[in-house]
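Enquirer: Listed in order, the protein sequences are those of chains A, B and C. Residue numbering for the first sequence follows this note's numbering, starting at 1 and increasing by one per position. Residue numbering for the second sequence follows this note's numbering, starting at 1 and increasing by one per position. Residue numbering for the third sequence follows this note's numbering, starting at 1 and increasing by one per position.
Rather than coming from a laboratory, the hints here were simulated on the basis of the structure. Just so it is clear, CB atoms sit at the ideal spot from N, CA and C, and this is done for glycine as well. Take the hints with a grain of salt, since some may be wrong.
Have a look at the derived ranges for each label pair, beta carbon to beta carbon [stated by the list, open to error]:
| # | chain 1 | residue 1 | chain 2 | residue 2 | range |
| --- | --- | --- | --- | --- | --- |
| 1 | A | Glu340 | B | Gly30 | 32 to 42 Å |
| 2 | A | Lys273 | B | Asp106 | 22 to 32 Å |
| 3 | B | Gly140 | A | Asp275 | 23 to 33 Å |
| 4 | C | Asp85 | A | Arg328 | 51 to 61 Å |
If you only want the chain A side, here are some residues facing chain C, beta carbon under 10 Å, derived [claimed, not checked]:
| # | residue |
| --- | --- |
| 5 | Gly70 |
| 6 | Val73 |
| 7 | Gly88 |
| 8 | Leu214 |
| 9 | Leu216 |
Away from chain A, derived, C-beta distances all over 10 Å, residues of chain B [stated by the list, open to error]:
| # | residue |
| --- | --- |
| 10 | Met1 |
| 11 | Gly11 |
| 12 | Gly12 |
| 13 | Glu79 |
| 14 | Thr84 |
| 15 | Leu97 |
| 16 | Ser99 |
| 17 | Arg101 |
| 18 | Asp108 |
| 19 | Arg125 |
| 20 | Phe155 |
| 21 | Lys158 |
| 22 | Lys160 |
| 23 | Glu170 |
| 24 | Glu177 |
| 25 | Tyr179 |
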Amino acid sequence: MSKVLMKGNEAIGEAAIRAGALNYFAYPITPQSEVAEYLSRRMPEVGGHFLQGESEVAVSYMIFGAAGCGERVFTTSSSPGISLMSEGISYIIGAECPAVFVNIMRGGPGLGGILPSQADYLQATRGVGHGDCRLLVLAPASVQEAVEMVMTAFPLAEKYRNPVMVLGDGLIGQMMEPVEFPDNLKSAPSNKDDWATNGMDTRGRKTRNLVKSLFLDPVELNEHNLKIKRKYEQMEREEVRFEGYNQDGAYRALIVSFGTMSRVCRTAIDIMKADGLEVAMIRPQTLFPYPLQAVRDAAWKKGCQAVFSIEMNMGQMVEDVRLAVQGRCPVHWYGKCGGEVPTPEEVVETVRAVVQ
Amino acid sequence: MQNEVKITGFGGQGVMLMGKIVAHAAMEQGFEVVWIPSYGPEMRGGTAYCTVVISDRPIGSPIIQNPRHLVAMNRPSLEKFAPTVKPGGVIFVNGSLISVRCDRDDVDEFVVPIIEIAKEVGNVRTANIVAIGAFVARSGFVDFERLRESVKTEFAAKAKLIPINLKALEAGRQAAEKY
Amino acid sequence: MGKTFQKPEALSDQPTHYCPGCTHGVAHRLVAEVIDELGIRGRTVGIAPVGCAVLAYNYFTFDFQEAAHGRAPAMATGIKRSRPDLVVFTYQGDGDLASIGMGEIVHAANRGEKFTTVFINNAVYGMTGGQMAPTTLPDQRTTTSPFGRNVDEVGMPIRVSELLASLQTPAYISRQTVILPKYIVKAKKAIKKAFTYQLENRCYGFVELVSTCPTNWGLTPVDAVKWAQEHMLPYYPLGDLKSPE
Numbered sequence: 001m002s003k004v005l006m007k008g009n010e011a012i013g014e015a016a017i018r019a020g021a022l023n024y025f026a027y028p029i030t031p032q033s034e035v036a037e038y039l040s041r042r043m044p045e046v047g048g049h050f051l052q053g054e055s056e057v058a059v060s061y062m063i064f065g066a067a068g069c070g071e072r073v074f075t076t077s078s079s080p081g082i083s084l085m086s087e088g089i090s091y092i093i094g095a096e097c098p099a100v101f102v103n104i105m106r107g108g109p110g111l112g113g114i115l116p117s118q119a120d121y122l123q124a125t126r127g128v129g130h131g132d133c134r135l136l137v138l139a140p141a142s143v144q145e146a147v148e149m150v151m152t153a154f155p156l157a158e159k160y161r162n163p164v165m166v167l168g169d170g171l172i173g174q175m176m177e178p179v180e181f182p183d184n185l186k187s188a189p190s191n192k193d194d195w196a197t198n199g200m201d202t203r204g205r206k207t208r209n210l211v212k213s214l215f216l217d218p219v220e221l222n223e224h225n226l227k228i229k230r231k232y233e234q235m236e237r238e239e240v241r242f243e244g245y246n247q248d249g250a251y252r253a254l255i256v257s258f259g260t261m262s263r264v265c266r267t268a269i270d271i272m273k274a275d276g277l278e279v280a281m282i283r284p285q286t287l288f289p290y291p292l293q294a295v296r297d298a299a300w301k302k303g304c305q306a307v308f309s310i311e312m313n314m315g316q317m318v319e320d321v322r323l324a325v326q327g328r329c330p331v332h333w334y335g336k337c338g339g340e341v342p343t344p345e346e347v348v349e350t351v352r353a354v355v356q
Numbered sequence: 001m002q003n004e005v006k007i008t009g010f011g012g013q014g015v016m017l018m019g020k021i022v023a024h025a026a027m028e029q030g031f032e033v034v035w036i037p038s039y040g041p042e043m044r045g046g047t048a049y050c051t052v053v054i055s056d057r058p059i060g061s062p063i064i065q066n067p068r069h070l071v072a073m074n075r076p077s078l079e080k081f082a083p084t085v086k087p088g089g090v091i092f093v094n095g096s097l098i099s100v101r102c103d104r105d106d107v108d109e110f111v112v113p114i115i116e117i118a119k120e121v122g123n124v125r126t127a128n129i130v131a132i133g134a135f136v137a138r139s140g141f142v143d144f145e146r147l148r149e150s151v152k153t154e155f156a157a158k159a160k161l162i163p164i165n166l167k168a169l170e171a172g173r174q175a176a177e178k179y
Numbered sequence: 001m002g003k004t005f006q007k008p009e010a011l012s013d014q015p016t017h018y019c020p021g022c023t024h025g026v027a028h029r030l031v032a033e034v035i036d037e038l039g040i041r042g043r044t045v046g047i048a049p050v051g052c053a054v055l056a057y058n059y060f061t062f063d064f065q066e067a068a069h070g071r072a073p074a075m076a077t078g079i080k081r082s083r084p085d086l087v088v089f090t091y092q093g094d095g096d097l098a099s100i101g102m103g104e105i106v107h108a109a110n111r112g113e114k115f116t117t118v119f120i121n122n123a124v125y126g127m128t129g130g131q132m133a134p135t136t137l138p139d140q141r142t143t144t145s146p147f148g149r150n151v152d153e154v155g156m157p158i159r160v161s162e163l164l165a166s167l168q169t170p171a172y173i174s175r176q177t178v179i180l181p182k183y184i185v186k187a188k189k190a191i192k193k194a195f196t197y198q199l200e201n202r203c204y205g206f207v208e209l210v211s212t213c214p215t216n217w218g219l220t221p222v223d224a225v226k227w228a229q230e231h232m233l234p235y236y237p238l239g240d241l242k243s244p245e
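Kindly generate the complete structure, drawing on both the sequences and the hints.
Expert: Below, the structure written as structure tokens:
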């Protein structure tokens, strides 16, 4: 298939359609409203369903309803909108339904700003909702990768019966890059007859299904949470994804960075390399489960004097980097947020200030 | 080898489309490409801009503080961005609207009265295509033939606009030699 | 000898957790009878609210989802839009529907979603212990309006049926009650009508059922019925407020 030049937001919408997700509910918010605009035209063409909900809160339950009755469904939003959806996400996790949430992050807190940011790292990986909640979080660094992650998010959500979040910064949504939609990432929806409320007639069974998150019996609730915990542990075993850069030879420092920020760091690493300073990078592609072992191995490599977590926020992923490095070498943070994106030169300065 | 152009102007001058046409041509030529817009409040008035980055290898930072080239469609953007252009780059100036010059001697600054040319072509709304033709002809940013194809693709849905836009592109190319 | 009494197939054998004199049981039964009569049990999905009816799914024998407080109409929208062939209804109380879920119900009704809502109005929050609801009557005492609802401070009770009937989108909106046998036949008719409109893909259907809550009203079941007749029915008059015709 030939490449097409597409804006990230539109490519994300198209990728979901190619992945067979024909139900999309959304509420407009900058910088990702183009997804809704694109799909409001596109969904009718493919026999899908598009509805603009009255709020992000309502949208999260439209997602829940459709996911509960066994349909592939997704939404896209940006930071303040995800905060509103966090209620529904917690219920969806509790009821063990698969769904895909795309967060094209903007600056916060509060209204913050509309420009790119990575300030929802902790929200996505830790505090997405009340209760023992985790999402599988995929972090694309290009429009092509956003397409691939959206397409794989649906089978992943179904594998774990847990929502998956694609966490991109505003740049991923706003920039245009050549993309293709790989046929091999298409997947058939899993059979959900064992649990989904798709109607007894649909599944030809006489027993009814319940989709719920209420377990008033404490023993039952504990069991339920243990079951969910085991799924997260399985994710940690099976779904960790990352990419290394300039990591093969010896290096004196390690950068850990994700999303668009990692591309800036790649340029910074090229500049330093031309200057005789070898710096490696680990780019987590899954933020939960986090590539702890990969960061640890890279940080502990002989000759590595310091680790830098470079982020478009005030220091969030650095907590995971510190967990990974376990104090074996100093961990530094550098970042800016809310539309201010650290430049390659600033990254070089940050590293050079520590590693001579 | 990486190359960049920042295309700037008022919202409504078609700078996003100009960037898209160039980016599409670069993609067809086999380059890695990133097109990045400014967005938000800047969409209305002021300086809207997009940046097109092309490279023969995967593109690192998509955010470019110092582009190689600049296309300035209005005065505020020439004043704001001309100082950021790398030495040796091309600075295209929309002579129909901008009376000042950046007066750097380390860049190739050239001024084209695109509105007058577009009127001669037959439609003042093709001024941005004139500009893109002139810029690409002068800078060699992408292959000119690819640019023609890209214009055809962009207007494929409104095919009757293709001839006049190709004419505008050609007028821009000739202007690049003249000015 | 033929059977003179039979439990609807759509109703389970499980005894309910509702208090003595509570009208949820009657409302459940009416819904179950309608589902049986329409022969739609195999393609119906019910949505339980948060409130006393949070466990409603235990008493029915078809697919059920459980929503968060007030969100049932959004959930029903998600199901109905993605699976228009399923029959969907929400079962919601007044705290759920008229307070925290007011946005969802108004917008679902206004979009003309093709599902059905059964709205239990007993003028009080039941499950959380008798707090004031948007439907609590003026001067009515609750655990959070111990001196009676002060309308100067918190406004008048909301007449949800009237509010929804004011929307321009065609809908079936009806207020009925289940407090006495003489009203129940009409209530069932309204519920059946609402489901029928859904089956015909015609319009949104909303049936408010004026109900009692003896426990939280601090009355015996008999006195509660009397109180409802004297106070609820004058403020919440019965009848069809809107039909798609």
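Enquirer: Now tell me, hint by hint, if it's right for this structure.
Expert: Status of the hints after comparison with the structure:
no.	hint	result
1	Glu340(A) <-> Gly30(B): 32 to 42 Å	34 Å, holds
2	Lys273(A) <-> Asp106(B): 22 to 32 Å	27 Å, holds
3	Gly140(B) <-> Asp275(A): 23 to 33 Å	29 Å, holds
4	Asp85(C) <-> Arg328(A): 51 to 61 Å	59 Å, holds
5	Gly70	8 Å, holds
6	Val73	6 Å, holds
7	Gly88	7 Å, holds
8	Leu214	6 Å, holds
9	Leu216	8 Å, holds
10	Met1	13 Å, holds
11	Gly11	15 Å, holds
12	Gly12	19 Å, holds
13	Glu79	22 Å, holds
14	Thr84	12 Å, holds
15	Leu97	26 Å, holds
16	Ser99	32 Å, holds
17	Arg101	28 Å, holds
18	Asp108	25 Å, holds
19	Arg125	23 Å, holds
20	Phe155	15 Å, holds
21	Lys158	17 Å, holds
22	Lys160	23 Å, holds
23	Glu170	23 Å, holds
24	Glu177	29 Å, holds
25	Tyr179	30 Å, holds
Figure legend: structure checked against the earlier numbered hints; every hint is met.
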